[in-house]
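Trainee: Residue numbers (numbering that gives the first Met the number 0): 0 to 186.
Calculated directly from the structure, the hints in this document are not laboratory data. You may find that some hints are simply not true.
What the hints assert, rightly or not - Straight-line alpha carbon distances no greater than 25 Å define the calculated SDA-like cross-link-like pairs of lysine to any residue that follow:
| # | residue 1 | residue 2 |
| --- | --- | --- |
| 1 | 82 | 162 |
| 2 | 26 | 103 |
| 3 | 97 | 87 |
| 4 | 61 | 133 |
| 5 | 61 | 51 |
| 6 | 82 | 157 |
| 7 | 26 | 178 |
| 8 | 114 | 142 |
| 9 | 166 | 103 |
| 10 | 82 | 57 |
| 11 | 148 | 126 |
| 12 | 82 | 106 |
| 13 | 82 | 59 |
| 14 | 166 | 105 |
| 15 | 82 | 130 |
| 16 | 97 | 29 |
| 17 | 114 | 149 |
| 18 | 148 | 116 |
| 19 | 148 | 130 |
| 20 | 61 | 156 |
| 21 | 148 | 123 |
| 22 | 97 | 142 |
| 23 | 26 | 84 |
| 24 | 166 | 127 |
| 25 | 166 | 31 |
| 26 | 114 | 139 |
| 27 | 97 | 37 |
| 28 | 166 | 57 |
| 29 | 61 | 29 |
| 30 | 148 | 61 |
| 31 | 26 | 62 |
| 32 | 61 | 50 |
| 33 | 148 | 118 |
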Amino acid sequence: MSRALLFVALVAILAIGYSKECHCVFKPPTAGGVGVPDSAKVGALDYVCGVMSCAPIQWGGKYSEPNTLEYRASWAIDAYFQKHISDMHSCDFNGIAKVACDCQCQLNPAVNTTKDELNDIIDTVCNQIDSDCSPIQEGGSHFEPNEPKAHAAWAIDYWYHLFPWSKEACGFNGAALLTPEIKCRRG
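Model the full assembly from the supplied sequences, consistent with the hints where possible.
Mentor: As structure tokens, this is what we get:
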């Protein structure tokens, strides 16, 4: 009887797959600095756009900018993964991608970010069309403490979660970093 329960539990775990807090990202460069070649990214982009709509990254689409191979291919592999999230192999793409779960974007403690730079981060995020920065405005759930560092920390993580497939979404000229770094690092 216990073997049967163990088998049922294993099947249930495999059927559930990943959570929505997981994203498909390109693998980071190896220790030798070799990253995923552009030709492999083009192949992944062509595959995904051949089996599902890539209208959001086409000209005029919601995610059409920046118009770079890195950004478009990153969107494509994550969109495919999100559509097939219960399939444990939907983020392989011939070994060039990996699943990154529960990643957060935070202020980089190694960088002494000035008050003006923190305000620039807030402005960059909050002045975008799709941004909802009401949580850091007066009366919002993240208004207190009312200081640029706290608001910028919220803003960079919010921005990252709007565009989790893009490695640029957690950059801010080095003022931000993904954590946990080992699990969330991408190419």
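Trainee: Hint numbers the structure violates, sorted upward?
Mentor: Result: hints 12, 22, 29, 30 break, sorted rising.
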